[in-house]
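Number of protein chains: 2
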Amino acid sequence: MAWLTARYLIESEPELIEKRANALALEQSVECPLEAIGSQFVLDEIVARVDGIKELGERRYLVDVKIATATTGGEPAQLLNMIFGNCSLWENVRFVDLDLPRDLLARFPGPRHGMAGIRELVGARERPLTATATKPQGLPISELARLCRTFVLAGVDIVKDDHGIADQSYSPYAERVKACQAAVVEASVETGKPAFYAPNLVGSPRALRERARIARELGIRVVLVAPMLIGLPAFFDLVDEFPEFVYLAHPSFGGAGRIDTSLLFGKIFRLFGADAVIFVNYGGRFAYSQEESLSIAEALRALWGQVRPALPVPAGGMLVERVPELLDRYGPDAMLLIGGNLLIAREHLLERTREFVTRVESHRFSKTAAPAAAR
Amino acid sequence: MAWLTARYLIESEPELIEKRANALALEQSVECPLEAIGSQFVLDEIVARVDGIKELGERRYLVDVKIATATTGGEPAQLLNMIFGNCSLWENVRFVDLDLPRDLLARFPGPRHGMAGIRELVGARERPLTATATKPQGLPISELARLCRTFVLAGVDIVKDDHGIADQSYSPYAERVKACQAAVVEASVETGKPAFYAPNLVGSPRALRERARIARELGIRVVLVAPMLIGLPAFFDLVDEFPEFVYLAHPSFGGAGRIDTSLLFGKIFRLFGADAVIFVNYGGRFAYSQEESLSIAEALRALWGQVRPALPVPAGGMLVERVPELLDRYGPDAMLLIGGNLLIAREHLLERTREFVTRVESHRFSKTAAPAAAR
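Protein sequence lines correspond, in order, to chains A and B. Heads up: the first sequence begins at 466 in my numbering, then just goes up one per residue. Heads up: the second sequence begins at 466 in my numbering, then just goes up one per residue.
It is worth saying that the hints were derived from the structure and are not from the lab. Fair warning: there could be bad hints in the mix.
As the list claims (entries may be wrong) - With a cut-off of at most 25 Å between alpha-carbon atoms, the simulated SDA-like pairs for lysine to any residue come out as follows: (1) Lys484(B) with Leu784(A); (2) Lys484(A) with Gly748(B); (3) Lys643(A) with Gly503(B); (4) Lys484(A) with Gly749(B); (5) Lys658(B) with Asn806(B); (6) Lys484(B) with Ser754(A); (7) Lys531(A) with Pro605(B); (8) Lys531(B) with Pro605(A); (9) Lys484(A) with Ala810(B); (10) Lys643(A) with Phe506(B); (11) Lys643(B) with Gly539(A); (12) Lys658(A) with Val785(A).
Construct the complete structure from the given sequences, taking the supplied hints into account.
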């Protein structure tokens with residue numbers, strides 16, 4: 466029988482680490498004391514086992530636990546349950562990495578388009594991409610559509626809804642998506658450059674499906690979804706049911722304290738089907754370190770069995786002036802997302818957005834830049 | 466226009482707290498700088514506002530933020546987005562309380578049965594209730610059914626699946642649920658005492674719906690669901706579509722680091738429809754304090770508009786010997802859940818379970834016990 470490996474960072478006194486590691490293995494498999502188990506099959510094939518304990522520093526240990534893949538039933542929700550169900554409730558345990566054997570990985574088609582598919586869609590084979598957002602919510606639909614038009618005239622590749630824009634009275638979903646999509650298509654025809662509108666899909670599963678249908682009917686190709694908000698299994702279902710969309714994943718509600726961000730946003734979002742992942746860039750409104758942000762980008766682009774590489778989308782309080790620095794850090798295989806810093810230009814929005822696009826598209830990568838990742 | 470109030474605990478230098486509180490209000494509403502906003506309507510009716518900052522201790526502040534209810538669209542997923550979307554990604558911010566105005570609260574039917582409905586179902590008007598779990602996963606169906614039978618013969622009120630039991634090859638869902646339900650019904654007829662089997666529903670939304678249908682056809686009355694695992698909005702949908710079930714909520718995957726456990730398990734699970742909530746008891750396998758565990762129970766039972774009180778179910782490494790102490794702490798309006806500590810009795814499982822049931826049902830509450838909560 467096959468086993469997956471989950472890696473945890475455990476804080477513990479040295480004399481207790483072995484006991485804690487074994488307790489975690491029980492918690493994540495049979496959830497009962499060993500002495501309660503009379504079945505040899507369960508002892509041999511179901512009980513998870515500690516596969517290695519490595520001291521990282523004072524009172525910090527990396528613990529590898531082998532979990533029987535049979536316990537996941539090959540299902541996405543149950544996989545989460547087995548790798549980080551009850552032990553998410555344990556203090557001093559952090560879930561930091563995941564390694565799936567080939568047969569289990571094969572149950573996850575991952576991104577249906579991935580980085581390569583997005584490049585093909587926007588017709589940009591090598592350059593970094595640009596994205597921006599219509600905001601703030603509360604604006605009338607005509608105003609949101611006007612923002613879409615301006616952004617596309619300035620040359621951005623993808624215009625997404627702000628993630629707070631849902632189905633509110635002041636901009637109902639169906640009407641808004643129709644108007645914004647029309648504005649983007651029209652402006653894209655004028656410029657002759659492909660550009661895409663990504664509406665935000667948020668809601669309970671039934672509402673999501675209905676909104677996805679509306680988007681499909683309108684010819685939408687890219688959608689924005691926050692997987693932790695709608696629930697990772699619901700995200701998996703949505704991608705499965707509407708594989709024609711490029712999924713741009715948003716980190717909202719994703720601040721689970723005890724999962725490494727590179728694992729959650731880099732690996733798990735990708736595994737569940739995100740083609741591109743928006744994440745917090747260092748030095749913006751959020752306290753992410755440069756290392757943390759770059760690790761997410763790396764995880765998204767890394768070779769991983771049959772799972773297509775996804776496109777990193779650093780965001781969160783970024784300035785147009787930082788474009789050169791960010792591109793040198795992330796390399797060409799990234800999409801920079803700047804929203805608020807464009808909008809403060811107000812009546813000069815078109816010019817400011819053009820400046821953003823020009824800086825990104827004309828950037829000359831220095832020799833010390835990150836190497837282009839696997840495509 | 467109405468406003469809801471979300472309360473956050475922010476760690477900050479004193480000179481920065483006002484700035485950080487205002488930044489949080491922007492993040493949770495318009496997500497852009499104020500100077501980017503030209504619309505008076507947005508400034509007046511959409512931008513969230515800080516409603517109070519209270520120093521709690523050194524560098525710790527309780528911050529109340531008023532958020533326009535219109536931004537939630539009256540939808541469960543979007544409510545989560547507005548109250549704890551992006552700011553879940555902020556370090557040093559903890560989401561600690563939520564107050565919904567009446568019109569928004571009315572969009573949430575909450576528990577369809579609640580504590581009173583469960584008492585009616587099991588025919589116990591005042592006494593504390595008992596629950597246990599079939600485990601470990603990996604046992605054949607016949608063995609799980611035999612455990613069900615033994616537990617019911619011993620008099621427990623509810624026998625649930627272990628939360629790790631899903632739809633695995635060694636105990637496929639449909640077959641297992643049929644056998645366990647039959648065993649519980651049969652044993653309950655023999656004893657003459659009502660008892661209920663609660664299968665675990667885990668999966669992506671489409672799988673969940675299918676499994677709920679199977680459970681309904683088998684006459685199942687109580688189900689086990691981990692709302693954070695399947696996603697809170699998917700949980701909301703499930704309760705809405707299958708209101709006849711009593712929902713026993715499990716905390717798996719619920720270790721979000723930055724939400725108070727009493728808010729998440731006590732208020733949000735209840736708001737989304739949990740009739741009873743399993744949570745970590747103090748002094749077991751998890752490092753919850755007594756105060757934390759009791760706060761969850763209090764939040765579940767507190768008066769809250771039209772939202773029915775839910776039943777607290779402390780669990781997690783509890784011993785039969787602790788029953789008197791726990792009942793004195795939680796009071797009679799609780800269901801004690803003990804699994805592993807019964808199962809280690811192996812061939813004496815019936816007797817050990819009887820001891821558990823007897824201790825619970827014959828407990829005489831001391832005068833200093835917690836007062837019976839609102840029913």
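The hints, checked one at a time:
1. Restraint check for Lys484(B) and Leu784(A): the C-alpha separation of about 20 Å stays at or below 25 Å, so the hint holds.
2. The suggested pairing of Lys484(A) with Gly748(B) holds, with an alpha-carbon distance near 17 Å, which does not exceed 25 Å.
3. For a cut-off of 25 Å, the pair hint linking Lys643(A) to Gly503(B) stands: about 24 Å separates their Cα positions.
4. Pair hint Lys484(A) plus Gly749(B) holds up; C-alpha atoms about 15 Å apart against a cutoff of 25 Å.
5. A hinted pair counts as satisfied when its Cα atoms are at most 25 Å apart, and Lys658(B) with Asn806(B) qualifies at roughly 23 Å.
6. With a CA separation close to 21 Å, the supplied pair Lys484(B) and Ser754(A) stays within the 25 Å bound.
7. Annotation: proposed proximity of Lys531(A) to Pro605(B) holds, straight-line Cα distance about 22 Å (limit 25 Å).
8. The suggested pairing of Lys531(B) with Pro605(A) holds, with an alpha-carbon distance near 22 Å, which does not exceed 25 Å.
9. Of the supplied pair hints, the one linking Lys484(A) and Ala810(B) holds, its CA atoms being roughly 23 Å apart against a limit of 25 Å.
10. Using a Cα cut-off of 25 Å, the hinted pair Lys643(A) and Phe506(B) holds, with the two alpha carbons roughly 23 Å apart.
11. Annotation: proposed proximity of Lys643(B) to Gly539(A) holds, straight-line Cα distance about 22 Å (limit 25 Å).
12. Of the pairs offered as hints, the one joining Lys658(A) and Val785(A) holds, with about 21 Å between alpha carbons and a cut-off of 25 Å not exceeded.
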